[in-house]
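Each protein sequence line maps, in turn, to chains A and B. Going from the first sequence to the working numbering is simple: count from 1 and add 49. Going from the second sequence to the working numbering is simple: count from 1 and add 4.
Any given hint might turn out to be false.
[Claimed, not checked] Sample of chain B residues lacking proximity to chain A, with all beta carbon distances greater than 10 Å (derived): (1) F33; (2) G44; (3) L130; (4) V145; (5) P184; (6) E306; (7) G310; (8) R331.
[As the list claims (entries may be wrong)] What follows is a list of derived Cβ distance ranges for each label pair: (9) H67(A) / H342(B): 47 to 53 Å; (10) A143(A) / F33(B): 18 to 24 Å; (11) L329(B) / H67(A): 46 to 52 Å; (12) A143(A) / R238(B): 19 to 25 Å; (13) V325(B) / E198(A): 29 to 35 Å; (14) A143(A) / W315(B): 37 to 43 Å; (15) F165(A) / V37(B): 18 to 24 Å; (16) G116(A) / L161(B): 48 to 54 Å.
Source of the hints: derived by calculation from the structure; they are not laboratory data. We treat Cβ as the ideally placed atom computed from N, Cα and C, and that holds for glycine.
Here is what each chain is made of, one letter per residue.
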Amino acid sequence: MSETTILEARGLDKHFGHLHVTRSLDLTVQTGRIHALIGPNGAGKTTALSLLSGNLAPDAGRVVLNGRDITLVDLPRRVDMGICRSWQTSSPFAGFNVGENVVLSALAATEKRVRFFPRASADVDRNSFARSLLGDVGLTVDPSLPVIELDHGARRLLEIAMVLATRPSILLLDEPMAGLAPSDVRVVSDLLLGLKDDHGLLLVEHDMDVVFTLADEITVLADGAIVASGAPDAIRANPVVRALYLQEER
Amino acid sequence: MADPGAGITTVQAGEEPPPIGGRRMRRSFVLTVAVLAILGVSPLIIEPIGFGYLESTLTRVAILGMAAVALDYIVGYGGLISLGHALFLGAGAYASGILLFHLGDRAWATDQALIAWPFAMLVGALLGWGFGALALRTKSVYFIMVTLAFNQMMFFLFNSLEAYGGDDGVRLGARNRLGPLSLEDDRMFFYVCFALLVLAVVWFNILIRSPSGWILRGARDNELRMRSVGAVTRRHQLAAFVMSSAFVTLAGALAVNETQFMSPGISHWTQSGELLLMLIVGGVGSLVGGVIGAGVLLVLEEIAIGYTSDWAFYVGAALIVIVMLARGGIAGVILGRHRNV
Ligand SMILES: Nc1ncnc2c1ncn2[C@@H]1O[C@H](COP(=O)(O)OP(=O)(O)OP(=O)(O)O)[C@@H](O)[C@H]1O
Ligand SMILES: [Mg+2]
Chain A
50 MSETTILEAR GLDKHFGHLH VTRSLDLTVQ TGRIHALIGP NGAGKTTALS
100 LLSGNLAPDA GRVVLNGRDI TLVDLPRRVD MGICRSWQTS SPFAGFNVGE
150 NVVLSALAAT EKRVRFFPRA SADVDRNSFA RSLLGDVGLT VDPSLPVIEL
200 DHGARRLLEI AMVLATRPSI LLLDEPMAGL APSDVRVVSD LLLGLKDDHG
250 LLLVEHDMDV VFTLADEITV LADGAIVASG APDAIRANPV VRALYLQEER
Chain B
5 MADPGAGITT VQAGEEPPPI GGRRMRRSFV LTVAVLAILG VSPLIIEPIG
55 FGYLESTLTR VAILGMAAVA LDYIVGYGGL ISLGHALFLG AGAYASGILL
105 FHLGDRAWAT DQALIAWPFA MLVGALLGWG FGALALRTKS VYFIMVTLAF
155 NQMMFFLFNS LEAYGGDDGV RLGARNRLGP LSLEDDRMFF YVCFALLVLA
205 VVWFNILIRS PSGWILRGAR DNELRMRSVG AVTRRHQLAA FVMSSAFVTL
255 AGALAVNETQ FMSPGISHWT QSGELLLMLI VGGVGSLVGG VIGAGVLLVL
305 EEIAIGYTSD WAFYVGAALI VIVMLARGGI AGVILGRHRN V
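Construct all of the structure, not just a fragment, from the sequences and the given hints.
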């Protein structure tokens with residue numbers, strides 16, 4: 050049994066200087082559903098995700114979690130509330146090896162107070178949790194490898210493991226599968242489907258095959274505004290969306 | 005409510021935890037022990053080889069080495085470059101020095117090291133808390149400028165203490181007393197400073213491996229990322245700043261004992277720069293590099309002074325060569341990729 054957690058964007062607006070990148074955005078992320086956010090380059094997908102995760106503040110509008118206004122709640126506090134995001138550009142902690150990156154993420158989510166004892170690496174449960182997460186995302190490399198030695202695909206997988214390490218109830222994933230080998234895409238897709246039941250998922254993704262396989266709901270952004278939103282079949286049939294994507298391919 | 009983490013993972017019992025730190029630690033451990041051992045035996049061997057005049061220099065290596073190690077915790081592991089740490093040297097000097105100066109004419113005065121030194125550390129921690137909380141509102145170059153401003157502020161404060169000689173400072177009649185140990189004996193005083201240096205090195209090695217130290221290091225690599233997995237980075241940076249301040253203040257208390265002279269000079273901002281220079285030469289982000297840098301800088305200086313009045317030029321030239329040849333400082337060259345975490 051799991052309660053439904055609902056994260057909502059209500060009329061979010063964001064400018065970068067003269068650039069209006071988010072225009073009265075309404076969006077719902079909810080446990081048990083995968084919500085895909087798609088749109089051409091520069092449509093404002095990452096920005097929308099940043100507004101929900103808390104590392105950008107909106108100019109107007111609200112972010113609401115389970116009925117509570119969390120617009121002013123900062124990034125770390127939102128992680129406490131169960132919201133965690135991944136980054137479009139993989140950026141693991143360079144001074145830590147692969148395993149430590151996951152351990153550090155788990156540690157950051159739980160260590161709210163300043164503690165000097167015991168050693169960070171001494172928590173056996175946390176270490177095996179981290180190791181099992183590496184297995185879950187299908188990252189088979191030696192955990193003691195420095196992160197600079199990881200190739201692009203492995204970094205993407207590590208990125209997901211680091212998000213999972215915070216034990217989120219809502220995951221905001223920014224193009225988690227970009228550049229992954231087909232076999233890895235399958236692993237991650239299965240993982241996300243497995244998480245779906247008790248996690249809310251917002252998935253920014255360019256790969257339409259992935260989107261239409263996974264998503265329960267699709268929102269299409271263009272120029273910061275929602276062009277269409279609804280079930281995958283409806284989106285597939287939507288003439289505006291078709292035009293948008295045909296346009297992009299040209 | 006269901007555990008959000010459930011279903012993500014199946015923890016297999018008896019599985020090896022990910023290797024953490026292990027192999028990379030060993031080489032830096034050996035280097036740390038070697039450097040401390042060399043410094044520890046130095047006073048015993050410099051006399052026979054004709055460098056007896058370096059004895060007090062070695063004491064200063066232990067003292068300023070401790071300050072550099074403490075500074076490395078925030079610079080090398082926190083990525084927070086402070087150009088204000090000499091203010092804590094001054095704070096330590098004045099906190100313990102004033103207690104000592106009034107011996108005999110004030111009831112609160114004391115020459116007991118076990119009171120004066122912890123008191124100095126407490127003063128340093130409080131100052132570090134206040135200055136750190138303000139400075140940490142800024143980043144990078146602004147952080148450097150703000151810490152520098154605090155340094156100047158305290159420097160002028162010490163200068164204005166007319167009761168303690170103003171900008172001339174005052175002589176202190178004696179050193180602190182530490183139980184049965186006679187700190188008036190230079191050899192004994194060196195070993196007390198050395199023991200505290202060892203303690204500081206061990207302590208900061210514990211800190212860089214602690215949960216808070218990991219978050220500090222993670223924030224150095226990528227602060228936004230660290231916050232996005234839930235860390236309140238500012239809190240851990242402040243804790244690190246306070247720790248660092250407290251130990252630099254202890255070094256200040258030792259320094260005023262070494263010279264038996266309490267003056268604002270010790271807190272001049274160029275002294276902050278010199279601590280940073282020690283780190284750069286010795287190796288930022290290795291802890292023991294602070295000791296190496298203090299050793300190289302102070303010993304080089306002392307020897308050069310003996311040969312030429314243009315010593316500053318030659319020391320400067322030597323430092324440029326070291327920094328050019330040894331990227332990552334001396335410790336960085338020795339450790340290679342096997343850095344101290
Ligand atoms: N910090 C910033 N400052 C100024 N402009 C920005 C900033 N971040 C994004 N932008 C601009 O806002 C617009 C939307 O960017 P955003 O990254 O949200 O798009 P996106 O849909 O994620 O694109 P992509 O598919 O390329 O990842 C772009 O034109 C981008 O150049
Ligand atoms: Mg993007």
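Taking 18 to 24 Å as the hint, is the beta-carbon distance of F165(A) and V37(B) inside that range?
The hint (18 to 24 Å, Cβ to Cβ) holds, given that F165(A) and V37(B) are roughly 22 Å apart.
Should the label of P184(B) as a non-interface residue stand, given a Cβ cut-off of 10 Å to chain A?
32 Å, holds
Test the statement that G44(B) is away from the interface with chain A: the closest C-beta pair must be farther apart than 10 Å.
The claim stands: G44(B) keeps its Cβ more than 10 Å from every Cβ of chain A (closest is about 26 Å).
Taking C-beta pairs only, is G310(B) more than 10 Å away from all of chain A?
41 Å, holds
So is V145(B) really clear of chain A, every C-beta pair being over 10 Å apart?
Holds, because the least Cβ-Cβ distance between V145(B) and chain A comes to about 21 Å, which exceeds 10 Å.
Look at the Cβ atoms of A143(A) and R238(B) and judge whether their distance stays inside 19 to 25 Å.
21 Å, holds
Far enough from chain A: is every CB of that chain over 10 Å from the CB of L130(B)?
Given a closest Cβ separation of 16 Å, the condition holds.
Taking the CB of A143(A) and the CB of F33(B), does the distance hold inside 18 to 24 Å?
22 Å, holds
Outcome for the supplied range 47 to 53 Å, where the beta carbon pair is H67(A) and H342(B):
With Cβ atoms ~50 Å apart, the hint holds.
A143(A) and W315(B), beta-carbon distance inside 37 to 43 Å?
40 Å, holds
Against chain A, does R331(B) hold up as non-interface, every C-beta pair farther apart than 10 Å?
17 Å, holds
Quick check: does the Cβ-Cβ distance between G116(A) and L161(B) fall within 48 to 54 Å?
53 Å, holds
Of the hints listed earlier, there is not a single one the structure fails to meet.
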